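Here the protein sequences come in this chain order: A and B. Counting along the first sequence from 1, when you hit position 290 you're at 290 in this note's numbering, and nothing is skipped either side. Just remember that this note's numbering sits 362 ahead of the position in the second sequence, which is counted from 1.
What the hints contain is simulated information worked out from the structure, not anything from laboratory work. Just so we're clear, the structure is a prediction, and the values are computed from it rather than from any experiment. A virtual CB, placed ideally from N, CA and C, is assigned to each residue, including glycine. Only true hints are included.
One-sided and incomplete, this derived list gives chain A residues near chain B with beta-carbon spacing under 7 Å:
| no. | residue |
| --- | --- |
| 1 | Arg43 |
| 2 | Gly89 |
| 3 | Phe357 |
With a straight-line Cα cutoff of 30 Å, these simulated DSS-like cross-link-like pairs (lysine-lysine) come out:
| no. | chain 1 | residue 1 | chain 2 | residue 2 |
| --- | --- | --- | --- | --- |
| 4 | A | Lys23 | B | Lys678 |
| 5 | B | Lys464 | B | Lys427 |
| 6 | A | Lys332 | B | Lys678 |
| 7 | A | Lys332 | B | Lys600 |
| 8 | B | Lys451 | B | Lys492 |
| 9 | A | Lys81 | A | Lys122 |
| 10 | B | Lys498 | A | Lys98 |
| 11 | B | Lys492 | B | Lys477 |
| 12 | B | Lys464 | A | Lys122 |
| 13 | A | Lys130 | B | Lys464 |
| 14 | B | Lys678 | A | Lys322 |
| 15 | A | Lys122 | A | Lys298 |
| 16 | B | Lys427 | A | Lys125 |
| 17 | B | Lys427 | A | Lys122 |
| 18 | B | Lys678 | A | Lys323 |
| 19 | B | Lys684 | A | Lys14 |
| 20 | B | Lys669 | A | Lys332 |
| 21 | B | Lys367 | B | Lys492 |
| 22 | A | Lys81 | B | Lys498 |
| 23 | A | Lys122 | B | Lys498 |
| 24 | A | Lys105 | B | Lys464 |
| 25 | A | Lys125 | B | Lys464 |
| 26 | A | Lys241 | A | Lys208 |
| 27 | A | Lys81 | A | Lys285 |
| 28 | B | Lys498 | A | Lys105 |
| 29 | A | Lys323 | B | Lys684 |
| 30 | A | Lys23 | A | Lys251 |
| 31 | B | Lys470 | B | Lys399 |
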Amino acid sequence: MKYLSEYRNLEATKSYLDLIANKVTRTWNIMEVCGGQTHGLVRNGILDLLPQQVQMIHGPGCPVCVTPLSLIDKAIELLEKGIIVCSFGDMIRVPGSKKSLLEAKADGGDLRILYSPLEAVKIAKNNPEKEVVFFAVGFETTAPANALSVLHAQKEGLTNYSILVSHVLVPPAMEAILDDEFCNIDAFLGAGHVCAIMGNEEYHPLSKKYNIPIIITGFEPLDLVQGIYMAVCQLEAGIHKVENQYSRVVKEEGNLAAKKVIQQVFEVGNREWRGIGEIPNSGYKVRKEFIAYDAETKFNIENIKVPESSICIAGEILRGIKKPRECPAFGKTCNPSNPLGAPMVSSEGACAAYFHFSNNEI
Amino acid sequence: MIDYKIINLGHGSGGLMTRNLLDDIIFKTFSNPFLDKKHDGSVVKIEGRIAISTDSFVISPIFFKGGNIGELAVNGTVNDVAMCGAQPKYLSLAFIIEEGLKVDDFVKIVNSIKKTADNCGVQIITGDTKVVERGKGDQIFINTTGFGSVNPKGNIAAENIKVGDKIIVNGCIAQHGMAIMSQREGLEFESTIVSDTTNLNFIANDLINAFGLGIHLFRDATRGGLASVLTEIASDIKKGVSINENDLPLERQVAAACEILGLDPLYVANEGVFVAIVDRGIADEVVKLMQNDSKGRHAVCIGDITKEHPNKVVMKSAIGGKRIVSPMIGEQLPRIC
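Only chain A is shown next, with the shape it has when bound in the complex (with noise of 0.2 Å):
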């Protein structure tokens, strides 16, 4: 676990900061796709150690955040149904229209927090007499090991697991902020676990449409400032290509193995992000052959939509055209204890990590 000392070392940081400062020669607002990354620099305290000149905009790469209310009210759906839920943590918390999973779950029903799917197949296959839903959240990242379990469970014989499918996909989401009239975006970190499954192929053309600096960054403090830096190079020197800072873990090509099983269940197609609205081809969708295994049909709960909160303006902070502390009801009305939106009750929330670490108020 060499990257837990060597990518958070104090000098190499340092340099990298001084290279920053001495590069750049104006304003650059620079966008971090990923919700990783914006606690990565928030909780190392990065964010005030940069020259002045370079804003970090936070990004929509929280799978928790752009999770649509409509989603959540269909997995409560569920469980009062009786069926078992199965979630990742980051969910739970998370406030449907009327409640979040952790109140479903208070009220009695029957949630299981996970951290793989393939768990929720055991549970399956274990409870033959009940049925068992995994909550399929998450980017391209998640997406392998989400369809690996429809394969798992039909391997298996079992009728009685499906999935709840929200998956988003990161390029169309670049492209909707950069189609944005008030987009203001002049680079891209862009998500280097993303990449580290789907490869660097799909942001090409988009640097090349959009004229735009794309670096493919990591997560720890050493990765965040270096990608900062290259970026900066870029913007400076007027080029703007797509460089990868974490070749460490990506390669050009992606993980071929991982892409195959996510071809097999899933097709492209349009979903809805909460507080951005529908992006065409923005997601993953079950295909017709393993549609047994897709929740909103077996349980006929398509049909469930629900308004989103007209205080909360988590679809400006998830654009990057506002930061947390620019929404009236940052801190106040809504914290983590009583979230209004998503991005305050996630741990890769751009509002919990600003409510979390934020030195702004020391």
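Got chain A sorted already, so can you dock chain B onto it with the hints?
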């Protein structure tokens, strides 16, 4: 002689089966002059100021790497009394057992309680046993109450803390929480992390004997971890707490497990870690004394009390940045990616 393999509702009836359970296991194991009277309570003589603490233990799994719920129930309460600056002497012990608990497991827990109590120098002097229906408990819940005399040489109180005081921890953080996590259903991963559950009463008493009023506060960092203790202290004393990330004692494999599961070790539970806030003039000697004790081998100074940022805990990150350490809201949860 025990002729039953599992605990059933009859063992909580108050009748003959209850008496058998007590005679066969409880009284036999904990036999002492107080308990042998088989009365509902005990009469004891304690001199000076008395510290009392009670705690309930509801942990799953009940057996974990490095200990079990019984050991935890003794050490936890003993430590709470010790953190008041007192030497615990007596303990009450109440079981709530779920119908179906294996008698072998119960005996293991009771033996462990006896051994741990002996190590701590405390006696079990009163207790209670109830049995609840299957599904209404989680195998076994234990409540313990401890009491003992406050060491007259010390005065442990948050109001004694002043700007410049040093913050010292006795050992590596996050071990207990990660030992439990590594064994929970759905989270199982290969690890050799063991719980740090232990008694801290002797080391705490030695510190008071050696440094008296120079020791301003003790607090054991159990549920909510080190972060919760420090944020509570900052809020209580209305002064700032500054710590250095690089100084936090953390074993490599615990750090790695926290990374894998996406947990912040600052918020992970401990059972053998305590914070001492001491006069800055004696800090080095306090660390040395701790390091000479098996319960304080990894003792280190992690920060100090400041005039700046009152009510807040601020951590200097490994790369030289600063961040607030905020109170934990709910449980730390496994994350998506």
